[in-house]
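Student: So the chains spell out like this:
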Amino acid sequence: MTTPAASPAVVGIGLKPQHVPEILGSGVPLDFFEVHAENYMVPGGPYLRHLDQIRSGFALSIHGVGLSIGGAGPLDTRHLDRLAALVGRFEPQWFSEHLAWSSHGGAWYNDLLPVPYDNASLVRVCAHIDQAQERLDRRLLLENPSTYLEFAASTLDEGDFLAQIVRRTGCGLLLDVNNAYVSAINHGRDPWDLIAALPPDAIGEIHLAGFAEDRDAAGDRLLIDTHGAPVDGAVWALYRRTLAHLGPRPTLIERDQAIPPLGVLVAEASRARSALETRPVTLGPRP
Amino acid sequence: MSAADGLLESFAGALLDPDRPLPPGLSTWNGSAAAVRFGVYRNNVAVSLAGALADTFPVTRELVGDAFFDAMARCFVAAEPPRSPVLTEYGDTFPDFVAAFPPAAGLPYLADLARLELARVRAYHAAEAEPLGAEALAGHLGDPDRLPEARLTLHPSLAVLDSAHAIVSLWAAHQGRGRIEEVDPDLAESALVLREGDDAVVLAVGHGSAIFIAELASAPLGMAATAAAECDPDFDLAQTQALLIRHGGIVAWHLPGDKAP
Chain A
1 MTTPAASPAV VGIGLKPQHV PEILGSGVPL DFFEVHAENY MVPGGPYLRH LDQIRSGFAL
61 SIHGVGLSIG GAGPLDTRHL DRLAALVGRF EPQWFSEHLA WSSHGGAWYN DLLPVPYDNA
121 SLVRVCAHID QAQERLDRRL LLENPSTYLE FAASTLDEGD FLAQIVRRTG CGLLLDVNNA
181 YVSAINHGRD PWDLIAALPP DAIGEIHLAG FAEDRDAAGD RLLIDTHGAP VDGAVWALYR
241 RTLAHLGPRP TLIERDQAIP PLGVLVAEAS RARSALETRP VTLGPRP
Chain B
1 MSAADGLLES FAGALLDPDR PLPPGLSTWN GSAAAVRFGV YRNNVAVSLA GALADTFPVT
61 RELVGDAFFD AMARCFVAAE PPRSPVLTEY GDTFPDFVAA FPPAAGLPYL ADLARLELAR
121 VRAYHAAEAE PLGAEALAGH LGDPDRLPEA RLTLHPSLAV LDSAHAIVSL WAAHQGRGRI
181 EEVDPDLAES ALVLREGDDA VVLAVGHGSA IFIAELASAP LGMAATAAAE CDPDFDLAQT
241 QALLIRHGGI VAWHLPGDKA P
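Residue numbers (this note's numbering), protein chains in the order written: chain A, 1 to 287; chain B, 1 to 261.
None of these hints come from the bench; they were simulated from the model.
Predicted model only: the values in this text are computed from it and were never measured.
Quick reminder that beta carbons are idealized off the backbone N, C-alpha and C, glycines included.
Where hints are given, some of them may not hold.
Stated by the list, open to error - Now the stretches of chain B that chain A is said to cover, found in silico as 3 or more residues with beta-carbon under 8 Å:
{"id": "1", "stretch": "27-36"}
{"id": "2", "stretch": "40-48"}
To be verified - A few chain B residues that face chain A, going by a derived Cβ cut-off under 7 Å, partial list only:
{"id": "3", "residue": "Asp5"}
{"id": "4", "residue": "Leu8"}
{"id": "5", "residue": "Ala14"}
{"id": "6", "residue": "Leu15"}
{"id": "7", "residue": "Arg74"}
{"id": "8", "residue": "Ala78"}
{"id": "9", "residue": "Pro82"}
{"id": "10", "residue": "Pro85"}
{"id": "11", "residue": "Val86"}
{"id": "12", "residue": "Thr88"}
{"id": "13", "residue": "Tyr124"}
{"id": "14", "residue": "His125"}
{"id": "15", "residue": "Ala126"}
{"id": "16", "residue": "Ser169"}
Go ahead and model the full structure; you've got the sequences and the hints to work with.
Tutor: Given below as structure tokens:
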């Protein structure tokens, strides 16, 4: 296995099965790949074989979409066991999950659903993260969500809620800059308010993706986090401002719908790399 | 139950049922009606889960058309949402649902075709196992007296389906092999499904071969062959064994008295 990339100025893309032969067959200017954990919870076959091959040449990020950390019920320990097995087998450099819920009463909804930002939710989310970090024996990066609705019951704003979670659990954060932008537009906020509220040292990875545009009942912009389009210009601008604030962070281009040829995603990742490398980085006192 | 439990309960309940009222306590920054925004979540759930079924059952979808399939899939999603976040496991009961779905009653072969597609997905993701080598196989086949008592372990990806309909021909026609107009859907066909390399292959086999292979799961070779011959006078044991071997379908061969593996 490769040594984990030491530099934070690294770029990757979400791994798609149709791109695997091309990736393995030729050099691609990428540092890491990210996979959805649940797609690899299979007994055997090509997915796992291909991921073994990818893992031998690249760093890996495992991104869970199934833990339902914001759920009302207890975590599914069977699912946590499967995650532990996957993380044990592939030894990813990063493991991340979402501030969201997706199952309730035993049913699984396959969407990242919104969490009320109140004290009861905070306590529950923190307990779930503690349990996951203990079982997986590693730090989890928690991703900020795209949301379309808010709850009257919320007493904290999203940035404070996430900062409290970091303080209480010691988890890290996956800052999805697209989600920050989408949620801000959808709720009439400034996206920078969220990013500025997050503890910079906790942010271990950045996601960039594209959205679709709709309108709400009042005719205001309603952005849908589809992962089905190129990264928007406004999100690139927010990303560059974020890098100026945080310094470089491992950055991933996400695309889960309307998957383009590999080269298109590599070009977007290269654009992220340029942003990571052109920013003046202060590494402490010069000799 | 805490307030948050109640909130998520009513949120979850309204996701799969557009006739249910919106959960209480939703807010929007501009005071716009929450229904449009809640509709994004409803749509995400329905479209993504119907999409997962479309991924597993592409030929079933082609046979009925996208609109029919998506409507049928949404009915299934509402009736039987996934119980696990592992979506490759979703849809085990979809073929049964299709069989009992009144609007699909005019296509009696549809449920078995869905079963074939489900077997392919299972085969694709099945556990790894090394097929038995040529030398070991030759040794066993060269000892005909002991063949009847042999118990075979077949590859974990392997499945057989016995249908009253032409499921293999229908499936093959949708892979560009054979013409769909020339398929008589009411002709009985049996299929052997297993993974070879990176592909889940579908092979047409005789009715007797399907019975033989299915029986091998619990019976020794001799009893399986007898059961197959009783059901199908055309059953050819040697040919079926050769087929299994050629496709790497046999992973272990046990004889009474063998040491446990």
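Student: Work down the list of hints and note, for each, if the structure agrees.
Tutor: Checked hints:
With 10 residues bearing a CB less than 8 Å from a CB of chain A, the stretch 27-36 of chain B meets the requirement of three and the coverage assertion stands. Coverage of the stretch 40-48 of chain B by chain A holds in this model, with 5 residues showing a Cβ closer than 8 Å to a Cβ of that chain against a need of three. A cut of 7 Å between beta carbons decides the hint on B:Asp5: the least distance to chain A is about 4 Å, and the hint holds. For B:Leu8, the interface hint holds, since its Cβ comes within 7 Å of a Cβ in chain A; the closest pair sits about 4 Å apart.
Because the closest C-beta pair between B:Ala14 and chain A is about 11 Å apart, greater than 7 Å, the hint is violated. Residue-level restraint check for B:Leu15 holds (minimum Cβ-Cβ distance to chain A is 6 Å; threshold 7 Å). A cut of 7 Å between beta carbons decides the hint on B:Arg74: the least distance to chain A is about 13 Å, and the hint is violated. Residue-level restraint check for B:Ala78 is violated (minimum Cβ-Cβ distance to chain A is 11 Å; threshold 7 Å).
For B:Pro82, the interface hint holds, since its Cβ comes within 7 Å of a Cβ in chain A; the closest pair sits about 4 Å apart. The restraint placing B:Pro85 at the interface with chain A holds, with a minimum CB-CB distance near 3 Å, inside the 7 Å limit. The closest approach between the C-beta of B:Val86 and any C-beta of chain A is roughly 5 Å, which is under the 7 Å cut-off, so the hint is satisfied. Annotation: B:Thr88 was flagged as interfacial toward chain A, and the flag holds, the nearest CB pair being 6 Å apart, inside 7 Å.
Taking 7 Å as the C-beta cut-off, the interface hint given for B:Tyr124 holds, the closest approach to chain A being about 5 Å. Given hint, B:His125 at the interface with chain A, holds; its Cβ is 4 Å from that chain's nearest Cβ, closer than 7 Å. Hint status for B:Ala126: holds, given a least beta-carbon distance of 6 Å to chain A, under 7 Å. Interface hint status for B:Ser169: violated, as the beta-carbon distance to the closest one in chain A is roughly 26 Å, over 7 Å.
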